[in-house]
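Undergrad: Each chain, letter by letter, is given below.
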Amino acid sequence: MIYREAGDFKTNYREDGRTFPIRFDRWAYFATLAVAFLVVPFVINDYWANAVLLPFLIYAIATLGLNILTGYCGQVSLGTGGFMAVGAYACYKLMTGFPDVNIVFHVILAGGITAAVGVLFGLPSLRIKGFYLAVATLAAQFFLVWLFNRVGWFYNYSASGQINAPTRTVFGVEVTGPTTSAWATYLFCLVFVVICAWLARNMTRGSLGRKWMAIRDMDIAAEIIGVNPLGAKLTAFAVSSFFVGISGALFFAVYLGAVEVGEVFGIQKSFLVLFMIIIGGLGSILGSFAGAAFLVLLPVFLKNVLTGTLGWPTDLAAHIEFMIVGALICAFLIFEPHGLAQLWRLTKEKLRTWPFPY
Amino acid sequence: MFEQFLFAVEVALNGFMAGVMYSLVALGFVLIFKASGIFNYAQGVMALFAALTLVGLMDGQVPFAHLINAVLGTEAHHFGWHLPAVLAILFTMAIMVAFAWAVNELILKHLVNQEPIILFMATIGLAYFLEGFGDLMWGADIKKLDVGLPQGINGWIDETTFNAFGYGFFIDNLDIVATVIAAVLVTVLVLFSQYTKQGRALRAVADDHQAALSVGISLNSIWVLVWSIAGFVALVAGVMWGAKSGVQFSLSLIALKALPVLMLGGFTSIPGAIVGGLIIGVGEKLFEFLAGPALGGATENWFAFVLALVFLVFRPQGLFGEKIIERV
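Residue numbers (my numbering), protein chains in the order written: chain W, 336 to 693; chain G, 284 to 611.
FYI, nobody ran anything at the bench for these hints, they're computed from the structure. Glycine included, each C-beta is placed from N, C-alpha and C at the ideal position. Careful: at least some of the hints might be erroneous.
Straight-line distance between alpha carbons at most 25 Å, and here's what the computed SDA-like set of lysine to any residue pairs gives [claimed, not checked]: (1) Lys638(W) / Thr357(G); (2) Lys683(W) / Asp351(W); (3) Lys427(G) / Ile351(G); (4) Lys428(W) / Leu578(G); (5) Lys426(G) / Asp650(W); (6) Lys426(G) / Ala653(W); (7) Lys426(G) / Gln603(W); (8) Lys638(W) / Glu358(G); (9) Lys392(G) / Gly499(G); (10) Lys392(G) / Phe466(W); (11) Lys683(W) / Trp362(W); (12) Lys638(W) / Asn352(G).
Facing chain W, according to a computed beta carbon distance under 10 Å, are these residues of chain G, among others [to be verified]: (13) His349; (14) Val354; (15) Ile400; (16) Met546; (17) Leu578; (18) Val589; (19) Leu592; (20) Leu595.
Let the sequences and hints guide you as you build the complete structure.
TA: Below is the structure:
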């Protein structure tokens with residue numbers, strides 16, 4: 336009843352191929368965008384920005400990136416944390432090296448540098464696949480974190496080994512540094528998220544995305560019908576690392592402000608982003624957002640319920656969170672390998688005929 | 284120059300001992316991989332869990348004490364008894380068998396015939412669960428594990444080498460014990476898989492699932508058996524590492540160190556796990572000794588992985604592995 340497509344006729348291919356072919360979806364999408372851009376910035380406060388919205392937006396970009404590589408192209412990567420670190424340190428070096436250039440370009444360039452590094456570590460994927468490749472990407476994870484920890488040039492030889500984001504402005508509004516306001520950082524990240532999601536959606540449904548999916552589904556068959564595996568895999572690594580690099584740069588510059596690489600971009604981060612795409616849905620843009628939202632909200636929710644309402648100690652809540660996340664991963668892999676996105680698809684099917692199913 | 288050489292030999296020997304420890308963990312991986320094609324990421328956490336359980340039982344800790352206290356407002360933490368080590372090890376073993384059964388029943392049964400990468404991700408989920416569960420059950424503080432293994436510098440080696448070269452080698456007693464135990468363990472495992480009925484069934488399953496099924500071998504019971512053995516190996520590894528550096532979270536990270544060992548040795552070969560572990564152990568210590576100062580130190584973190592990566596490009600099946608890897 337709420338969700339109907341009767342009377343929604345398409346008269347040309349262009350209309351048929353839109354991202355949201357059903358009118359209801361389209362309006363929901365525009366409404367979400369309108370709320371995100373026009374309402375949230377006026378009601379946002381520091382707690383919501385730092386605990387929920389900023390991590391959600393930034394992880395959403397990383398999740399989109401990993402989903403392109405793992406969900407669409409079928410190459411499992413456990414090096415996401417390392418690539419986020421590349422983005423963060425590239426952004427830091429650019430910010431301190433070229434203080435007159437606008438931060439927007441720094442973030443985009445950081446993504447580009449990460450893409451180059453990603454391609455480099457993606458080269459073994461031409462010879463190996465499956466979890467052999469997953470283990471090979473672990474090499475990237477450990478090597479990159481060690482590199483940023485030990486080579487002084489990357490953190491400008493600061494005594495603490497940390498990197499700190501200097502204050503930078505966009506259109507005269509501070510977006511990085513210690514004195515930013517919540518709405519500015521939120522809007523800055525939101526713009527990047529919307530652009531990245533738009534790029535990802537259009538790349539994955541174009542010829543590039545079809546090549547990736549062909550490689551994922553069966554590489555030999557894909558090669559026979561004329562997909563170049565070298566090109567498809569390396570572009571997947573490049574695009575994925577580009578997104579991951581942007582999210583790393585934002586994570587450092589806008590969200591945290593100061594970063595110690597081993598703590599922030601360790602192996603745990605790689606697993607977190609991998610879990611987001613498993614729970615959200617492999618090979619789905621909507622799933623990337625759903626997974627990121629779920630795993631950002633879950634700890635906040637558990638903390639509020641367990642320590643806030645029940646008054647349990649925080650370490651207990653942390654242990655229970657580990658158990659729940661682990662159990663959820665297994666449960667999703669067993670019951671719904673396509674994640675929350677598939678659950679949403681099924682709900683839509685149900686809603687189409689509700690309340691008179693046939 | 285001779286001094287330098289002696290140093291290098293000592294470093295290599297210590298690396299050899301560390302390599303034995305890696306091999307112990309890698310062994311658990313190989314066993315499960317051979318029998319079920321599952322790459323068990325949770326092996327390291329299983330070692331941690333086994334060690335935690337052992338310490339908890341020996342000290343008579345109340346399981347879930349934290350949770351019970353938080354819910355009921357009590358102050359329980361210890362039963363007040365101390366179990367002898369042998370008894371505690373037996374109980375821990377029983378718990379690991381129960382764990383193997385539960386994993387098989389709750390997770391693996393439902394994921395039969397899935398792609399290896401899905402199973403791999405499921406074991407990552409399992410690792411997370413077990414990590415939280417272990418901490419919840421026994422507490423997250425660093426514990427001291429003492430099952431009566433000898434520790435400290437071996438005086439005999441120190442004296443002998445001092446008399447021979449004028450420089451005493453530092454070799455930890457615990458490392459020697461670990462080497463002996465690893466050797467015994469491998470011998471027992473090889474004998475088991477060669478000369479017992481279950482061992483033969485295990486090899487049959489490893490060879491071909493369907494053929495094994497058709498001659499009447501129960502896959503389920505074999506998998507429970509294999510996970511139990513892996514649990515036992517995890518317990519041994521957990522005891523060794525726990526005695527060396529305390530039972531704590533970082534114990535679970537040795538699983539990550541075991542991955543390059545496997546790449547080097549091959550995923551399907553028990554001798555490969557041993558040799559790979561030794562190569563990685565000696566290699567990373569020597570590399571740190573020779574090139575570490577020039578590169579800024581702590582190269583152990585990544586040396587093994589990069590070595591494995593290079594290896595993978597040229598010989599994907601590892602040193603002793605079968606040629607099962609699909610080349611693209």
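Undergrad: Next, verify each hint and record whether it holds.
TA: Here is what the structure says about each hint:
Distance hint between Lys638(W) and Thr357(G) is fulfilled; the C-alpha atoms sit about 22 Å from each other, no more than 25 Å. A C-alpha spacing of about 18 Å is found between Lys683(W) and Asp351(W), which places the hinted pair at or below 25 Å, so the restraint holds. Of the pairs offered as hints, the one joining Lys427(G) and Ile351(G) holds, with about 24 Å between alpha carbons and a cut-off of 25 Å not exceeded. Taking the CA atoms of Lys428(W) and Leu578(G), the gap is about 21 Å. The hint holds against a cut of 25 Å.
For the hint linking Lys426(G) to Asp650(W), the alpha-carbon distance of about 17 Å falls within 25 Å, and the restraint holds. The suggested pairing of Lys426(G) with Ala653(W) holds, with an alpha-carbon distance near 19 Å, which does not exceed 25 Å. This hinted pair checks out: Lys426(G) and Gln603(W) have alpha carbons roughly 23 Å apart, not beyond 25 Å. For the proposed pair Lys638(W) and Glu358(G), the alpha carbon gap of about 23 Å is at most 25 Å, so the pair holds.
Using a Cα cut-off of 25 Å, the hinted pair Lys392(G) and Gly499(G) holds, with the two alpha carbons roughly 18 Å apart. Between Lys392(G) and Phe466(W), the direct Cα distance comes to roughly 21 Å. Compliance with the 25 Å bound is thereby established for this hinted pair. This hinted pair checks out: Lys683(W) and Trp362(W) have alpha carbons roughly 15 Å apart, not beyond 25 Å. Between the alpha carbons of Lys638(W) and Asn352(G) the distance comes to roughly 18 Å, so the proposed pair stays at or under 25 Å and holds.
Checking His349(G) against chain W by beta carbon gives a least distance of about 5 Å; that is within 10 Å, so the hint holds. Restraint check, Val354(G) versus chain W: the minimum CB separation of about 8 Å is within 10 Å; hint holds. Interface restraint check for Ile400(G): the shortest CB-CB distance to chain W comes to about 6 Å, inside 10 Å, so the restraint holds. Below 10 Å, beta-carbon pairs count as interface contacts, and Met546(G) has one with chain W at about 6 Å; its hint therefore holds.
Among the interface hints, the one on Leu578(G) holds; its C-beta lies about 7 Å from the nearest C-beta in chain W, closer than the 10 Å criterion. Restraint check, Val589(G) versus chain W: the minimum CB separation of about 5 Å is within 10 Å; hint holds. Interface restraint check for Leu592(G): the shortest CB-CB distance to chain W comes to about 4 Å, inside 10 Å, so the restraint holds. A cut of 10 Å between beta carbons decides the hint on Leu595(G): the least distance to chain W is about 6 Å, and the hint holds.
Hint compliance for this structure: no hint is broken.
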